[in-house]
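Make a model of the complete structure from these sequences and hints.
According to the numbering used here, the residues represented by the sequence shown are 1 to 604, in order.
Fair warning: there could be bad hints in the mix.
[Stated by the list, open to error] Derived BS3-like pairs: lysine-lysine, alpha-carbon spacing no greater than 30 Å straight-line:
| id | residue 1 | residue 2 |
| --- | --- | --- |
| 1 | K521 | K77 |
| 2 | K583 | K480 |
| 3 | K3 | K92 |
| 4 | K314 | K12 |
| 5 | K185 | K55 |
| 6 | K92 | K124 |
| 7 | K530 | K92 |
| 8 | K477 | K578 |
| 9 | K22 | K176 |
| 10 | K521 | K411 |
| 11 | K77 | K55 |
| 12 | K92 | K521 |
| 13 | K77 | K124 |
| 14 | K124 | K176 |
| 15 | K480 | K530 |
To be clear, the hints were calculated from the coordinates, so they are not data collected in a lab.
The structure presented is a predicted model; accordingly, all values stated were derived computationally and were not measured.
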Amino acid sequence: MNKRIADSYKQKLSAEDGWQIKRGAPLRIALCYPNTHAVGMANLGLHTMYELFNKIPEVACERVFLPDDFEMREYEKSRSPLLSMETQTPVKDFDVVAFSISFETDYLNMARMLQLSQIPIWAKDRNHFHPLVVMGGAASFLNPEPIADFTDIIAVGEGEILAFQLVDAILENETKDEILLSLAKIGRGFYVPSLYDVIYNDDGTVFDYLPIETGVPKRVGRALAAANPKEGTLRRAIKRNETEVVDFLMNQDVFAPSTSVWSPQAEMGDRLLIEISRGCSQGCRFCWAGYNYYPPRVVPARDILAKAAEWRGKTNKIGLVSTAVCDHPEISTILSELRKMDYRITVSSLRLDQISEELLDALVESNDQQIAVAPETGSDRLRRVINKNLTNDEIVDICGSVFDRGMLTVKLYLMVGLPTETDEDLDEMFVLVERIKNRMLEAGRRFGRAGKIIPSLNGFVPKPNTPLQWDAICSEKELKQRLKYVCKNLARIPNVEVRAMSARIAHEQALFSSGDRTVAKVIESAARMKGNLNEALRATGVDAAFHTSRDRSYDEFLPWSIVDSGLSFEFLKEEHEKAQAAKSSKPCPAVEKCTTCGVCPTTW
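As structure tokens, this is what we get:
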């Protein structure tokens with residue numbers, strides 16, 4: 001073991017609280033986050049799975065991260081295998097290596113971590129002496145195909161109800177093949193790529209997926225928690241006739257996905273992060289989180305507040321994590337009680353039409369000087385295309401109410417390259433930002449200071465299982481020109497600070513979002529080339545534009561269709577046609593037995 005690496009890990013552990021070392025458990029799981037410790041410890045999915053796995057008596061779970069710059073140099077110099085955080089054990093010595101992946105761009109880091117672990121990247125090159133490689137997280141909802149050939153098992157759905165099934169299958173079966181087949185036959189929640197042959201058309205598109213074993217489903221359904229994800233624990237306890245556990249969970253257990261390891265050195269590490277709801281009802285047509293987490297569900301206020309009370313002795317800062325904070329039916333109670341606990345409250349990006357007076361009061365009390373909102377574009381027409389049903393006048397008025405509370409800095413999330421976008425649409429963005437800036441200065445004069453407007457520009461990337469999945473991303477050259485044009489014109493406006501994603505990053509994201517299994521060889525090659533994707537594309541001969549820069553027909557079998565999202569083809573097609581006509585749709589009602597999109601009959 002490299003002492004300098006071990007010392008780096010021990011130093012990080014010394015600053016943390018809540019991590020565990022379990023000795024003697026029959027199943028050892030290395031929970032891997034494909035980014036650095038500072039980034040990974042801000043991810044609620046990682047916190048949730050770490051806590052869940054370690055609550056299972058038969059499991060000892062440790063964390064693993066992509067090495068930071070110092071650690072990476074030490075690994076490369078010493079050729080030491082990648083180590084776990086808690087006990088500095090080689091990852092290759094664990095029974096299961098489970099990746100929690102939230103972003104497709106981290107697929108490269110997954111390959112790099114397997115490489116560093118001295119575990120064969122390709123699943124076909126591993127045998128029963130190697131650990132099982134499992135992939136879960138938000139990316140499994142989208143398109144796992146680019147890393148399917150690296151992975152033994154893909155957990156398709158929410159980990160809170162899949163963790164226990166995974167552990168049971170591993171403990172109850174003797175061989176790797178038996179484990180894989182037993183999970184695949186469940187039909188919902190576990191995708192085993194090696195049990196499918198992919199058939200391609202002559203033009204390179206996917207023709208079909210063919211199961212190679214009896215009982216393996218044609219498509220794999222997502223596993224979603226109908227209401228409260230602690231039901232996964234309940235199901236396991238009921239199955240095992242553990243009546244005391246069932247009674248405890250039914251009557252006392254608090255479920256609120258939240259920080260489980262206090263890690264002040266991490267990003268946002270000085271606060272308790274807590275998920276208050278999952279999914280969004282609004283149906284913005286570009287948004288993967290909205291569509292892939294249908295139906296929207298909430299965490300009960302009592303559970304949120306119980307967790308907040310538990311952590312109050314450690315911190316006075318709390319971050320409410322949600323795609324739609326103000327949609328929570330008990331948000332008034334949550335905010336009121338958190339303020340009574342003297343918490344300083346922060347929130348993720350807010351829906352403009354749901355910013356309440358009560359929330360603004362809470363943010364002002366917390367000395368929050370900045371708020372983030374997402375107009376997405378400066379064009380009312382283009383906003384109808386993406387089903388964001390607000391006008392520029394309404395956006396300016398809402399921002400004005402924020403400025404009037406003394407919060408004079410607003411971050412604006414904006415997209416460039418949306419389907420049907422014109423030069424006139426881009427020009428309207430400058431007008432909107434100018435109007436918001438003028439409204440800020442008007443309020444600023446009353447407070448004797450000025451704030452700033454921060455447009456954050458992202459290139460549009462089509463996402464699987466959204467109505468815009470059939471659309472192409474702009475060519476890299478075109479997107480670069482549009483971003484340059486927008487940045488140049490916004491930068492001319494006083495009190496405006498522009499930030500922009502590069503066109504190259506947008507295209508990398510699009511490749512991993514829309515690619516099929518042939519993209520795996522690009523990822524594997526890039527991992528060997530220290531992340532040089534362009535060189536890997538040249539070396540492998542894969543045409544990135546084939547996956548990213550062409551419109552797809554409704555007849556094409558999309559690579560991610562192996563995972564059944566529950567969303568009906570007819571629903572997505574209708575929404576796509578409405579987008580082309582710039583027609584808006586109503587929000588998801590999130591009621592039992594609704595049949596509009598197709599998800600709820602298979603979920604509730």
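**Study point:** Straight-line alpha-carbon gap K22 to K176, limit 30 Å
**Key:** 24 Å, holds
Review point. Do the alpha carbons of K92 and K124 lie within 30 Å of each other, as the hint requires?
Key: Distance ~16 Å between K92 and K124 Cα, so the pair holds.
Review point. Are K480 and K530 close enough, with their CA atoms no more than 30 Å apart?
Key: 24 Å, holds
Review point. Is it true that the CA of K92 sits at most 30 Å from the CA of K521?
Key: At roughly 22 Å apart (the allowed maximum being 30 Å), K521 and K92 satisfy the hint.
Check your understanding: Is the straight-line distance between the alpha-carbon of K477 and that of K578 30 Å or less?
Key -> 28 Å, holds
Point to revise | Holds or violated: K530 to K92, with C-alpha atoms at most 30 Å apart | key: 21 Å, holds
Practice item. Would you check the hint for K124 and K176, treating anything up to 30 Å between C-alpha atoms as holding? Key: 13 Å, holds
Review point. Is the hinted pair K77 and K55 satisfied, with a Cα-Cα distance of at most 30 Å?
Key: 37 Å, violated
**Study point:** Restraint check for K185 with K55, where alpha carbons must lie at most 30 Å apart
**Key:** Holds, because 26 Å separates the two Cα atoms, which is no more than 30 Å.
Review point. Are the Cα positions of K521 and K77 separated by 30 Å at most?
Key: Distance of about 26 Å is within 30 Å: holds.
Check your understanding: Under the criterion that the straight-line Cα-Cα distance not exceed 30 Å, is the pair K583, K480 satisfied?
Key -> 28 Å, holds
Point to revise | Pairwise hint evaluation, K12 against K314, where the allowed Cα distance is 30 Å at most | key: Answer holds: K314 to K12 is near 18 Å, not above 30 Å.
Checked against the numbered hints given earlier, the structure breaks hints 10 and 11 and satisfies all the rest.
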